[in-house]
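Listed below are the residues making up each chain.
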Amino acid sequence: MTNPDLGTSPDEVQFRFRDDEPADHGTVTVDACCDQTNATAVRIEPGDDARTLLPFLDRLALIEVNFPAYGDGRGYSSARILREAGYAGELRAVGDVLIDQLSHMRRCGFDAFAPDQRLDEDDAARAFATWDNVYQRTVDGRKTIQETRHE
Amino acid sequence: MYSYDQYDQQMVDARVAEFRDQAHRRLEGKLTEDQFKPLRLMNGLYLQLHAYMLRVAIPYGTLNSRQMTALGDIADKYDRGYGHFTTRQNLQYNWIKLEDAADILADLAKVEMHAIQTSGNCIRNISSDHFAGAAADELVDPRPYAELLRQWSSFHPEFTYLPRKFKIAVIAAEKDRAAMRLHDIGIQIIEKDGEQGGEIGARFYVGGGMGRTPMIAPMIRDFVPLDQLITYSEACLRVYNRYGRRDNKYKARIKILVHELGAEEYTRQVEQEFAHMLDQGVEPPREELERIKPFFDDPAFEDGAKHVDRSDPDFALWVDRNTHRHKHDSYVSAVISLKPVGGIPGDATGEQIRIMARLAKQYSFDELRIMHTQNVVLPHVKIEDLHALWTALDAADLGAPNMDSIEDMIACPGLDYCALANARSIPLAQRISEKFDASGKTEKLGELKLKISGCINACGHHHAGHIGILGVDRKGVENYQLSLGGSEAEDTSLAKITGPGFTEDGVIEAVEKVTDVYLDAREDGERFLDTYRRIGMAPFKEALYD
Numbered sequence: 001m002t003n004p005d006l007g008t009s010p011d012e013v014q015f016r017f018r019d020d021e022p023a024d025h026g027t028v029t030v031d032a033c034c035d036q037t038n039a040t041a042v043r044i045e046p047g048d049d050a051r052t053l054l055p056f057l058d059r060l061a062l063i064e065v066n067f068p069a070y071g072d073g074r075g076y077s078s079a080r081i082l083r084e085a086g087y088a089g090e091l092r093a094v095g096d097v098l099i100d101q102l103s104h105m106r107r108c109g110f111d112a113f114a115p116d117q118r119l120d121e122d123d124a125a126r127a128f129a130t131w132d133n134v135y136q137r138t139v140d141g142r143k144t145i146q147e148t149r150h151e
Numbered sequence: 152m153y154s155y156d157q158y159d160q161q162m163v164d165a166r167v168a169e170f171r172d173q174a175h176r177r178l179e180g181k182l183t184e185d186q187f188k189p190l191r192l193m194n195g196l197y198l199q200l201h202a203y204m205l206r207v208a209i210p211y212g213t214l215n216s217r218q219m220t221a222l223g224d225i226a227d228k229y230d231r232g233y234g235h236f237t238t239r240q241n242l243q244y245n246w247i248k249l250e251d252a253a254d255i256l257a258d259l260a261k262v263e264m265h266a267i268q269t270s271g272n273c274i275r276n277i278s279s280d281h282f283a284g285a286a287a288d289e290l291v292d293p294r295p296y297a298e299l300l301r302q303w304s305s306f307h308p309e310f311t312y313l314p315r316k317f318k319i320a321v322i323a324a325e326k327d328r329a330a331m332r333l334h335d336i337g338i339q340i341i342e343k344d345g346e347q348g349g350e351i352g353a354r355f356y357v358g359g360g361m362g363r364t365p366m367i368a369p370m371i372r373d374f375v376p377l378d379q380l381i382t383y384s385e386a387c388l389r390v391y392n393r394y395g396r397r398d399n400k401y402k403a404r405i406k407i408l409v410h411e412l413g414a415e416e417y418t419r420q421v422e423q424e425f426a427h428m429l430d431q432g433v434e435p436p437r438e439e440l441e442r443i444k445p446f447f448d449d450p451a452f453e454d455g456a457k458h459v460d461r462s463d464p465d466f467a468l469w470v471d472r473n474t475h476r477h478k479h480d481s482y483v484s485a486v487i488s489l490k491p492v493g494g495i496p497g498d499a500t501g502e503q504i505r506i507m508a509r510l511a512k513q514y515s516f517d518e519l520r521i522m523h524t525q526n527v528v529l530p531h532v533k534i535e536d537l538h539a540l541w542t543a544l545d546a547a548d549l550g551a552p553n554m555d556s557i558e559d560m561i562a563c564p565g566l567d568y569c570a571l572a573n574a575r576s577i578p579l580a581q582r583i584s585e586k587f588d589a590s591g592k593t594e595k596l597g598e599l600k601l602k603i604s605g606c607i608n609a610c611g612h613h614h615a616g617h618i619g620i621l622g623v624d625r626k627g628v629e630n631y632q633l634s635l636g637g638s639e640a641e642d643t644s645l646a647k648i649t650g651p652g653f654t655e656d657g658v659i660e661a662v663e664k665v666t667d668v669y670l671d672a673r674e675d676g677e678r679f680l681d682t683y684r685r686i687g688m689a690p691f692k693e694a695l696y697d
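Line by line, the protein sequences are chains A and C.
So the first sequence is numbered by the numbering used here: it starts at 1 and just counts up by one.
So the second sequence is numbered by the numbering used here: it starts at 152 and just counts up by one.
Hints were generated in silico from the structure; no laboratory data involved.
Just so you know, nobody snuck in bad clues.
Pairs of lysine to aspartate or glutamate, EDC-like flavour, derived with a Cα cap of 20 Å:
1. Lys181(C) with Asp123(A)
2. Lys143(A) with Asp430(C)
3. Lys188(C) with Asp72(A)
Below, a sample of chain C positions facing chain A; criterion: calculated Cβ distance under 7 Å:
4. Leu190
5. Gln302
6. Ser305
7. His307
Per the computed footprint, the stretches of chain C lying under chain A, defined by three or more beta-carbons under 8 Å from a beta-carbon of chain A, are:
8. 162-171
9. 392-402
Remember, it's a predicted structure, so these values are computed and weren't measured experimentally.
We treat Cβ as the ideally placed atom computed from N, Cα and C, and that holds for glycine.
Let the hints inform the model, and build the full structure from the sequences given.
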């Protein structure tokens, strides 16, 4: 493992829950993506409206959602909105992504993680496995506790 | 009352394990204090002036005697022998060591309790009517809906990093005993005429709150069908999570968003999101509500005496003051005042907490409630048991006959404990209750809600006090502003400041003066609040400043 004290590029994906080849080209902004008919990778900032991307989802292979600060939770809504609209490409959380946000991000539809600071693999593995069961229906398709109770 | 199944237990156990792991990583230096802070906050752990404070969730203020006993034991084992009941129907310990926190959470988990989301920018513990399931005037018991919301809001993956904290209250009576419209979301369960007779649904009020910018929540939907309750809540939260302000923490509550957008525009956005979410299947199966409801079924009430022997005047006074009409005519709900004269509002010793637990087991079908006014309720007490109950309470210094009187004040911990406070609240509360008790004026004043906050964050609900006191710092000296005319009840209103502030002695005198104005001006049956509303601020100002 690299020195955890050194910052890694936001494009260095540390965790990925997909089998396809990662998109290998840079992302554009949401505005540029709407103007540019050939862009296949885009990066959402916290203030962007994820819904402006909905007409272009078919051609997008990668959407990065940036978390400049872990406490800004807008990216969780952006992720769910994209998945709810049927986006099936890679949804990557980048930026200030920390151990204790991983399980919630995963539930909101993120399937790739590129933290600014590389995370401890064991801590992360435990974090992804935090919840054996869940109370809320989200885009991750997991059966909820309430559904299990009434099978 | 509700009890956990294996899944609920597993969720709480998972959280305890997660917190142990986080605390461990903090100690190892893998987490900075800045990174650890929101995590410990979401487990109810605050750093106060002198020590850590741990806030325990009491969902919709309902608990059983086993849980109450555990709270008393924790007070003795890990605190300095006290628990402090809060305006969020919770309990906090003010003297906790960080290294004990995970063990306390494990002790709580053994009795189906936790400290989850009692702090942090997430959906907090759901509050409700403290007389739920007992009050004569309720439409239905609101707690099954509160429980449905508890499950939905626990560890909600999208709403864990909201712009700011988020509080939800659920009531089901016209009388509001939960300050519903001063919450981020206030839900009133109502009935409307439907095709098959009466249909039950939820009325949504969004954007209320106290703090530095007090606001009364406007109604945004008069009827949400019960099988869309969670979906509608989710839509309200998503609009807030996406568009609530994050540039300034003092403008980040949903009340500011609703105010800046206007209730109409906020509602339009919620309705749009709601229409989208109806297709997402976020609503739990309808059977879940039906599973929850029987947990709140009536206990086996028995007919008995309908009246008490009033020959003991002290007992008769307590009955008049501290009991509330029950839906069964052989029962009442009994309020245990945690406001003894000169005491700290909301405090109880470990032993007192265990005594209340025992009495609940003996006299109230094993059930207790915490009131947002920092008192405890035994919801179902047989009228013929009242004297025995009162005798036991009185012996434990829990028999103060002062519910809803000036002595039953709400006070925040203030500068004695809180790192945010500008002024002390507790000594002021103590002195006022001593003064009014000694002069015998409490009785004459009748219902008078006094609420004291030690800073503008308004934890002591001063905006909603018939008389409110706000402690501020004026050039390094504690100074107290007086306000009049607030109400947290169904006639919700925000108190108005009388004028320049007072010293500690001065504000006590000022409270005395405004109560004198009331006693002189009141007409038959008027409470302080009614008189104030009729005659306005001017006569009070005159008495205070001329």
